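Chains U and V are the protein sequences, given in the same order. The opening position of the first sequence corresponds to residue 60 in the numbering used here, with each subsequent residue numbered one higher. The opening position of the second sequence corresponds to residue 16 in the numbering used here, with each subsequent residue numbered one higher.
These are computed hints drawn from the structure, not numbers from a lab. These figures come from a predicted structure and were not determined experimentally. Cβ atoms here follow ideal geometry from the backbone N, Cα and C, with glycine treated the same way. Relax, there's no trap hidden among the hints.
Lysine-lysine pairs mimicking DSS-like chemistry, simulated, CA-CA at most 30 Å apart:
hint, chain 1, residue 1, chain 2, residue 2
1, V, Lys150, U, Lys202
2, V, Lys89, U, Lys94
3, V, Lys176, V, Lys350
4, V, Lys89, U, Lys97
5, V, Lys89, V, Lys74
6, V, Lys96, U, Lys140
7, V, Lys89, U, Lys166
Sample of chain V residues lacking proximity to chain U, with all beta carbon distances greater than 10 Å (derived):
hint, residue
8, Met16
9, Lys25
10, Thr37
11, Ala44
12, Pro66
13, Arg175
14, Ala230
15, Gln333
16, Pro383
17, Asn457
The lines below spell out each chain.
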Amino acid sequence: MKSSTPTSSIKLGIICFANSGGLGIQTRRLAELLKPDKILLIDSRGFSPNKQHHLEWYPPEKTQVTTSFPPRNYEILQFIKGLTHVFTCENPYNFYLVLACQRLGIKVICQTNYEFCENLDSPHLPVPDLFLMPSHWMVDEMKARFGEDRVLYLPPPIDPEEFEKAREENFWRELYYQPVRFLHIVGTLAWQDRNGTLDLLASLPFVKGNFKLVIKSQHELPLEYACSDPRVTFEIGNVEKNSDLYFNFDALILPRRYGGLSLSTNEAMISALPVLMPDISPNNKWLPKEWLVPATKKGEFRARAMIEYFQVDPQVLAKKIDEWIDDLPSKYEACHIGFSNFSSKTIKSDYEEIFI
Amino acid sequence: MCKIVNLTVKKELEGNSYWDQTFLNEVLADLPDGDRTVVIIPGAYQADVIPEINARLAKYPKVCVFVTSDEENKFQVGLLKHPDMKVYSQYGYGGYMWPLGYAINTRQTLKEIGLLDKDLDWTFIGQNNHYRREKLALELSTLKGGYLQTTGGFSQGLDRKEYLTFLARAKAAPAPAGAVAVDSFRMYEALEAGCVPIADNLSPLKSASDNYWNALFGSIPFPTYVHHELVPGLIKEVVQSPDLNNQVFAWWINKKHQFKEQLRSDLGLPATDMAVIIPVSPIPSHPDTSIIEETIRTIRVHTDAPIFITIDGVREEQAHMTDAYREFIRQLLWKCNFEFKDVLPVLFNKHSHQSGMMKVVVKQITVPYLLYVEADTPLTPDCPIDFPKLKKAISDGETNLVRFHFEAFVPEPHKHLMIGEPENELQKTTQWSQRPHLASTNYYRNIMDTFFSEESNTFIEDRMHGICQSNPWEDHKITIYHPEGNIKRSYHLDGRAGNEKFDTNLIY
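Extracted from the complex, chain V is given alone in its bound form (with noise of 0.2 Å):
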């Protein structure tokens, strides 16, 4: 874990017990040690002893400092000085913005209450303390479907764990602002409990929103609010859009990985140089998540590296699975948040298939190495791989793209495809297969931008299997992992079990 000082200079202040630390700290917790100091600065205490903060912050040579816990502003970020340092503030009061996030044990909560149905459109239990927030209960107190409870002070309601199992029954969660700003805690427990938060947009203390959401995280998917009115009429549409609350889900679970790899830069670790994708369509066995999660599970046997999951929209053809497919989504949404690491979800509205999946995230990865992986091809546990050995030979340019093969030898009727014998643990080969493999990206991006359209639906194999076999090996440089011995390093848990597997109508 990363150096931490959680600053105090008045001897009768805590450094590290304030709810809004909580998210910071769960990040931080997943960073290694870095070339910076994490400093955090309880802000609104220590607002008059700015001079003996920055005689603190001079002991170390690089800092990254975090403003928290001050929503009146009463901290002059500004005025901190270090020669080296990175400021973040809550409620954009300077420096870069740092989001409030949830309140203590959220996560954990949340987590033993496990996934719920979304039996509830909407819930807000919470303070009636300014005239915004009485406005909005006066307009939810007629509508119906929800569960409204209006508490006389902060935390005074339900007790937190029935106050989170409200969330996590709802679709909607109105999320007014709070005394000064618009950030609240409820924000982020909306997110967490898959719900779909309604934010408020105005501060009770101005006349004009200054869109914070848009400056705290650039694009947003949930519906913000500046007149109260039109809170119900925002419920409703939620409650009519079945795939929202996953789509937002999808987001936020992003939004965490995009904070923490920030503050991974700003630290000066490493950039992972590897990414995960995994492309996941309808399957008989869905809502059941059991094929995925042994994938998963398999390929965190041999990498850390983020997954992203590119999680298609349904065609045409598997209409009546949609239900079971968003169900799907939903469970696999839970267990990205609450059990798997890095495992990110990138949600397609409509079918885009393997390829047009593909385009989209390869662009987006700047990572130089990608490991493909079907839903259902897990990689072998058992059996290692060396994948710095194989990430070199793809940067020296011995290969474009290592397969991991299907059965532990070359069978006989592929073996025309293979060009001489294994060298370096690696057979040169004419024969793409979808199989799980390992590419440089750049290789990869070029073949995305060369051979598929920019409307291409198809499954990637049934384009790139002949035009590797019709030209010669050094246009691809493909080859097989082929260490001494059994090279079995993927399995087929055949999750299509036996349906269709339209490949009619392809478009490349």
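Just chain U, same shape as in the assembly (with noise of 0.2 Å):
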């Protein structure tokens, strides 16, 4: 397999997972877009067992496997032998990585979550040479810690062809299916209800408008979040494709109560659903403005950093929903901001530039 870093001089190692969950897709990309010479894969079966697994997804000849989590130092040292850049996904896991890179001269590459940045909290730990913002969530203040030079916006590619089935399916609705068909994901059930899904099943009895709500969880829920709403359905468990779950929709609920990278509305926009979301950062600085809801800051919480959390109102919420049912935004726009700002064709040479 070809490498597609700019120079012949570039060797480039990832850490992957090959796990149906965010960070096991998002991995997977960045080795497709990244065409990488080494990929140390993390083999997470015995730590995430409720996932789909895809050791396959990734070429046995390039490919080092780990069921240790995080990497063993030695394991950490054979992988960056002969690299000249690391890439890897929300952190090193193993700081001994950034250590024995820095000692041998090679780069590490940290595509991180603000709320996950355990650089943040622990000021002793070795530092990667640059972090990668997903979002623009927080990057001002990440740059503030780290330095200009060491700090990037640049979001996981989605290549659209993953998605072109789903898109499809959903601009084919708007011209021939009623009721409206909204999709909400709950996620993982990480602090505060991440992705607002309690904000939403209360904003549901007041919503007038006829529609359908299909709340899909790779998870089983609590009983907080059962509903007796006639127009909702839940769908819980593993899809085969993750554009499946995009399919036949017109668009994407996600009150999410902060900031930070969310893959799902990323995929939602490339497979032509515009998303409702409150009017937070970073949803506000890409988002339309009518796709926004007000949302109000409800207290923090201690992660990496300390993380604002917001809440919308559920009357205003409803009220939102009531207009999209009546008239629902353009899929083209989502699509476009989704390509434009997501499509690995796009954002392919963002990326070949950080190993110049």
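Join the two chains into one complex using the hints; note that each chain is given alone, in its own frame.
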């Protein structure tokens, strides 16, 4: 496989996962785009048993598999041998990676999420050479902390062909079908109901119009997520292909309570689904204003750093849903925003530049 | 000494010149040849030749492998292969955990330095080579009562003797992590010097502690820290805890013994079958240690068995003796660590008396025979005791407890407590005495459970004397060692020196 990196002197290694979770999908796409020379695959079957695993995603001749999480030092030393750059998502997992790479002059690039960035609350840890921020959220804060040159906004790539069928189906729906079909994705049940599922459920009694809402979750949900509204159905479990999540809908409703990367949002846009979100960062830096609903700060919690969380008013959210039932935002606009921001074809050159 | 192979398959590599093998070598030096060959592998330098190492291991039928000198975990312990192998590694990188230990010549130098007054609250002399150490040094730089010296690199500061002298003078010793792992030479040098280490519990490469010290040692008596700003407060707590240095020192002496016993078992060496118990409490001659030293010396004439010194807390009536007693313990611990062999202190924080202490230790002793010797009643060094014969008599059920008499013969007033004539060098008696005796551990465990409550706080003899005399001999099977001629096998140094016995308000 030919490397896509700009010069032949670049030898890139990526730490990947092969599961159906966010990190698995993100790292698979990165590997597809960047065509690394080596892959350190963390086999997560032991600690993520409820996810689907696809070790076949990665070419065996380039792939070193570990069942250790974090990877052991000796595995890291084997992996980085001969590389010039190492790419990792979220964190280096084992910061010996950064130390060992520093000693050998290997650059470490970390596509991190602010809320999970270990360097923020542990200043003693060695710092990667470059942080790639997957959303606009907290980019300035990261720059203030680690320096302008060490932080760059660059979201994870999405191959638009992966969502082609979902996109086509969703465009057809707009022309022929009623009632409006909304999608909501619960995601990992992170702190404070991250994707705002409970806020959405609270708003439903106030929604007057006719609609269907499908709530999807990879995990069984707690009792508090139960809902008797006949307009709502739940789909629990893994889907075969990630794009199946977005098939046959008109919009995604995601009253997400705090910032950070939302792969679901990005994938929905590429699938031609407008996304209804709170008017908070990073949503308000790139989504059309009329897609946003006001949200109020409810408090803060400590992840790797202090994180503000917000809540939308259920009645205000309901009103916006009713507006969308009557007049759905343009799927073409959603598609355009998705392509221009996340399409691997569009942002490939941005990725190539980080290796120069 | 056991069979040791310092395994290097690279010609340019030395096998046994590594500082972090010092503690291991010292423990092994104390163990005889067993059925397993000890193989010591300096790991970091041989991570790429594990197949060759496996080929060399295959030459030995049974091995006990130690992977040392690999702070960065370059060596993949899991790739070692051998059909009959036990594996240890430092830093917790595979197999059983083995401590890094102190640097070379630490114990010899500290012994030369001798026991010094703890006139410094703390000391830190070491490299300032990573963020957490820099922050620690910053915290310490404004803290009074101690000595701080940061250096440019490993072993670039004071000479070893000066460095260890500071530790010997200090009550507390912050022990920050190394560049990768939390384990450090300083940790063990502090323990050897009778300091309370304040142990870093967070690697500079981790954002959360993996509780290394608990994983290595189980429960620990010294404080640990993750946030360096807490260290001054921890030092203050150490300084304000007058018994903590003794408690930590005693713990370390015992911990080293445990590691040795673990190796003894791994090497297939026979376990010792006897333990000696010496109870200690405040006496007027403290802090002088000469009485117990004489007692230990006479025991060692007869046996190499491990000696457990049960060190009682101070009773209310003797509160005025606390400082002298504390200093006695300090001196005794130093001797346990540097002069005596296999003498293990068991510290009691509150007054528990003979019975309270015995109830605790007898539960933990796993050997079948127990030699009880009060601190001021040495064994006669010049008269032989046929221990194998006496142990056999106990294991055959002829007797449960053999007394070592304090006179050359049984005095007339005691003769009515004797049963018949001596047989097989044993005189049956219903007279209990707390003077030195060899007993079945099971028997002792049984009487401590049966006749002494959980709150028991008494002389053992005061309780057992009446019980034995008022019951048939067969109930307790007490005998006196009665070889031909002079039967005196113990004598009295009168530790109490005529002072009050405090034999009222005893709790059985």
